[in-house]
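Trainee: What follows is each chain in one-letter form.
2 protein chains.
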Amino acid sequence: MHRHFEDELNNLKEQLLKMGSHVESSVGLAIKALLENKTSLLKEVHDLEQKINRDHMEVDEACVQLLARQSPLAADLRLVIAILKISTDLERMGDQAENIAFNAKEYLAGKPIKQLIDIPSMAEKVQVMVKEALDAFLRKDRELAKKILEKDDEVDALKDKVFHDLIERMAQAPDQIEQALNLILIARNLERIGDHATNIAEDVIFAVTGDDIRHGSNIEE
Amino acid sequence: MHRHFEDELNNLKEQLLKMGSHVESSVGLAIKALLENKTSLLKEVHDLEQKINRDHMEVDEACVQLLARQSPLAADLRLVIAILKISTDLERMGDQAENIAFNAKEYLAGKPIKQLIDIPSMAEKVQVMVKEALDAFLRKDRELAKKILEKDDEVDALKDKVFHDLIERMAQAPDQIEQALNLILIARNLERIGDHATNIAEDVIFAVTGDDIRHGSNIEE
Chain A
160 MHRHFEDELN
170 NLKEQLLKMG
180 SHVESSVGLA
190 IKALLENKTS
200 LLKEVHDLEQ
210 KINRDHMEVD
220 EACVQLLARQ
230 SPLAADLRLV
240 IAILKISTDL
250 ERMGDQAENI
260 AFNAKEYLAG
270 KPIKQLIDIP
280 SMAEKVQVMV
290 KEALDAFLRK
300 DRELAKKILE
310 KDDEVDALKD
320 KVFHDLIERM
330 AQAPDQIEQA
340 LNLILIARNL
350 ERIGDHATNI
360 AEDVIFAVTG
370 DDIRHGSNIE
380 E
Chain B
160 MHRHFEDELN
170 NLKEQLLKMG
180 SHVESSVGLA
190 IKALLENKTS
200 LLKEVHDLEQ
210 KINRDHMEVD
220 EACVQLLARQ
230 SPLAADLRLV
240 IAILKISTDL
250 ERMGDQAENI
260 AFNAKEYLAG
270 KPIKQLIDIP
280 SMAEKVQVMV
290 KEALDAFLRK
300 DRELAKKILE
310 KDDEVDALKD
320 KVFHDLIERM
330 AQAPDQIEQA
340 LNLILIARNL
350 ERIGDHATNI
360 AEDVIFAVTG
370 DDIRHGSNIE
380 E
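In order, the protein sequences belong to chains A and B.
For reference, each letter of the first sequence is one residue, going 160 to 380 in my numbering.
For reference, each letter of the second sequence is one residue, going 160 to 380 in my numbering.
Hints in this document: simulated from the structure, not taken from any laboratory.
The structure presented is a predicted model; accordingly, all values stated were derived computationally and were not measured.
Treat the hints with care, as some may be off.
As the list makes no split between identical chains, a pair holds if one copy fits it or if it spans any two.
As the list claims (entries may be wrong) - Quick list of in silico lysine-lysine cross-link-like pairs, DSBU-like style, CA-CA up to 35 Å: (1) K284 <-> K305; (2) K320 <-> K284; (3) K270 <-> K320; (4) K284 <-> K264; (5) K290 <-> K306; (6) K177 <-> K191; (7) K270 <-> K191; (8) K210 <-> K172; (9) K202 <-> K284; (10) K290 <-> K273; (11) K177 <-> K197; (12) K306 <-> K210; (13) K310 <-> K273; (14) K320 <-> K202.
The whole structure should be built from the sequences, with the hints applied where relevant.
Mentor: As structure tokens, then:
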């Protein structure tokens with residue numbers, strides 16, 4: 160029975176990591192399409208989003224089954240709850256990647272703005288956060304999870320800068336308003352992906368240590 | 160033991176509904192502040208967001224405890240899983256209300272745009288969705304939950320219209336760009352709150368019937 164539980168839990172972790180790799184691809188493709196002007200990649204983002212939605216339902220169902228059959232306790236129960244939550248965040252990231260693809264498509268169809276401001280560096284930071292959040296889960300790495308929380312502040316600061324620069328541009332060149340708005344919405348979605356990576360990091364800490372550091376309740380540790 | 164479980168479950172439902180009422184107040188106050196030019200209400204939105212964050216942790220912890228102590232099965236297990244998910248959506252709604260409050264504060268500090276376009280009717284629809292999502296949970300009302308899914312399409316259409324109208328305004332009056340952007344971001348947050356209400360409706364259907372209709376897997380029924 161115990162052996163069986165370990166097997167089921169390992170399968171579940173693998174399912175979640177597979178879902179995570181779909182999300183990484185999806186975010187990466189949406190950004191690549193924007194930065195390298197490759198609209199052909201956007202269809203793949205949509206296909207991945209569909210796949211991620213199926214992953215989400217499968218992971219959830221596997222969690223429910225495992226809870227029902229095995230009634231895990233303590234650390235194992237926390238881990239299954241964390242997986243349920245992480246799969247929700249991953250699914251939302253898939254939605255955000257789809258949103259980025261939508262605005263990238265609109266943007267690439269119009270006249271480009273001279274430079275993409277800080278969006279490339281913002282995108283890079285966010286992608287690292289997503290990768291590290293999944294690594295932290297895989298390795299149960301509390302320290303790495305904590306580092307992700309710090310990176311989120313940097314991403315938020317970049318987003319503020321992008322907003323500021325683009326609002327200025329809109330005022331200077333009213334014919335670029337729609338294009339600038341597309342970029343603002345892309346920056347907003349990148350920021351949200353960073354937020355979800357942060358949620359995952361918090362869930363990893365919760366699963367590993369039993370601490371609930373969300374909402375700053377224990378963040379000073 | 161069984162009686163004890165029913166008591167715990169009822170407590171948990173009450174906790175969730177209390178959290179829901181905080182979210183309703185929070186969204187309502189953020190909108191009221193914007194529509195009636197009452198910045199004094201915005202502090203309350205922030206206080207409620209803190210309260211909602213605490214509610215979220217308490218509901219999650221109660222779910223974990225209940226799963227650990229009672230190992231519920233079948234319908235009861237599904238209900239607890241649904242409550243875990245609903246509390247996450249409610250917490251995110253609290254964040255969105257806080258975002259609306261932030262942009263409302265910026266907006267109200269500047270020169271108002273002549274009219275708020277379709278934002279008032281969008282806000283009203285979203286508030287009804289939130290209320291109905293909680294009612295559907297309370298009454299285990301599958302039909303009401305399904306109606307919420309339809310309303311979400313109406314909200315999305317209104318958001319597109321708001322975006323369109325405000326982009327036009329930005330082009331006509333570049334000095335109103337920042338103000339129009341505040342309203343665009345408010346519309347976006349309202350749309351997101353509608354999405355979360357939709358998620359809750361889907362979780363209610365999942366808990367009541369065992370169907371997983373998310374991502375359209377069973378939507379044709």
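Trainee: Need the list of violated hint numbers for this structure, in ascending order.
Mentor: none
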